[in-house]
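Enquirer: Work out the full structure: start from the sequences and follow the hints.
Each chain, letter by letter, is given below.
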Amino acid sequence: MEEEEEDRRTQIQSSDDGGGDTQNVEPNRVKVKDQHVLQFLDSMDEYLTQMDSLSTILRQGWLELASARHSMGASRVNGALLDLKIHSAPTSLRVSEDAVVDSEVEKAHFTLCKWASSENGKPGSGEGKFRGDNLRTKSGSPQLRNRSLSPFSENPEKTSPQNGAPLVVDDQVQKERSKSLSVFGTLVSPKLRTAQLSFETALEKLVEIANARSTMLRAFDQVREELEGT
Amino acid sequence: MAGRAQIPTKSSALIAMIADEDTVTGFLLAGVGNVDLRRKTNYLIVDSKTTVKAIEDAFKEFTTKEDIAIILISQYVANMIRFLVDSYNKPVPAILEIPSKDHPYDPAHDSVLSRVKYLFSAESVASGRR
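Chains as they are written, first to last, in full-length UniProt numbering: chain A, 1 to 230; chain B, 1 to 130.
Any given hint could be a false lead.
Unchecked claim - Quick list of in silico lysine to aspartate or glutamate cross-link-like pairs, DMTMM-like style, CA-CA up to 25 Å:
| # | chain 1 | residue 1 | chain 2 | residue 2 |
| --- | --- | --- | --- | --- |
| 1 | B | K90 | A | E208 |
| 2 | B | K117 | A | D42 |
| 3 | A | K31 | A | E226 |
| 4 | B | K117 | A | E228 |
| 5 | B | K90 | B | E66 |
| 6 | A | K85 | B | E66 |
Because the hints were derived from the structure by calculation, they are not lab data.
Expert: Right under this line is the structure:
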């Protein structure tokens, strides 16, 4: 097996030195294979990194929820108060299909539509639309990631409302947020509001994870097909 | 496999949850809660009284509903119905195993990573070369 590997390496090296047209096909195939393997490893790394960030964000959210429960009382923040009246979710997803040009394999792409009004029935408007576009551009290009970075420092514009356009939070969004909080009373602890924001960030992270998962499974299929083909 | 299946394009799909009370409450605050005309919710709160059968039924229901795009399931809950989670391989709804308060996320148990782990085993690489 080692000899085979050695032969392959010499073959690649000789064609790199200008080994002729017939030998150019082989390194190209190897290059495409390597690209798929790299894509697979990259998407898996992204999946694990995002999972790590999600754990941190959720931990923060649970802590804030516990703080709110502490200040408001356990009877005012619990699952028994959840709204069981008929209503549609203000935050939803848009699922589209990303066609891949050079292969038959397709992958799902998820876009988050946050706080689309359930009254005017315009999902994907306002903030939701922006988040989707933002996610799309982010997932489009592979970037260097740092595991030690805090998920909150990664996208400061999402949490600090002073930095301009992405932070424009319109009245509609505020209204929907308050509506969601009103399940737990009219006057709620500020900690509950911060918990809400933390879980919103977690939701954004989850959509990124779902997209990374989708990319990883597609890359996995490609690599597996190539392995079976050889 | 996952990539081969037809992916239905949806303009508005839901996020379903099978998790502990705090996680579900948090995500409901973020606006993902939905109650349909039959008064069915898109979440299941799992506590010490919840039976495995109830979790299985909720999982089967959420995976067959057409308006659900992502199912969030606490990893410790997924471990209770591991055979079901591992055998599911459709791209939509996507199953995401998330950590819970008392049980941190363990990549070794994640069904999607178990599926792709095949590529890292020496046997699969060797059989690929033959």
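Enquirer: Each hint should be assessed against the structure and marked as holding or not.
Expert: Evaluation of the provided hints:
no., hint, result
1, B:K90 / A:E208, "holds (18 Å)"
2, B:K117 / A:D42, "holds (14 Å)"
3, A:K31 / A:E226, "holds (12 Å)"
4, B:K117 / A:E228, "holds (16 Å)"
5, B:K90 / B:E66, "holds (12 Å)"
6, A:K85 / B:E66, "holds (22 Å)"
Of the numbered hints given earlier, the model fails none.
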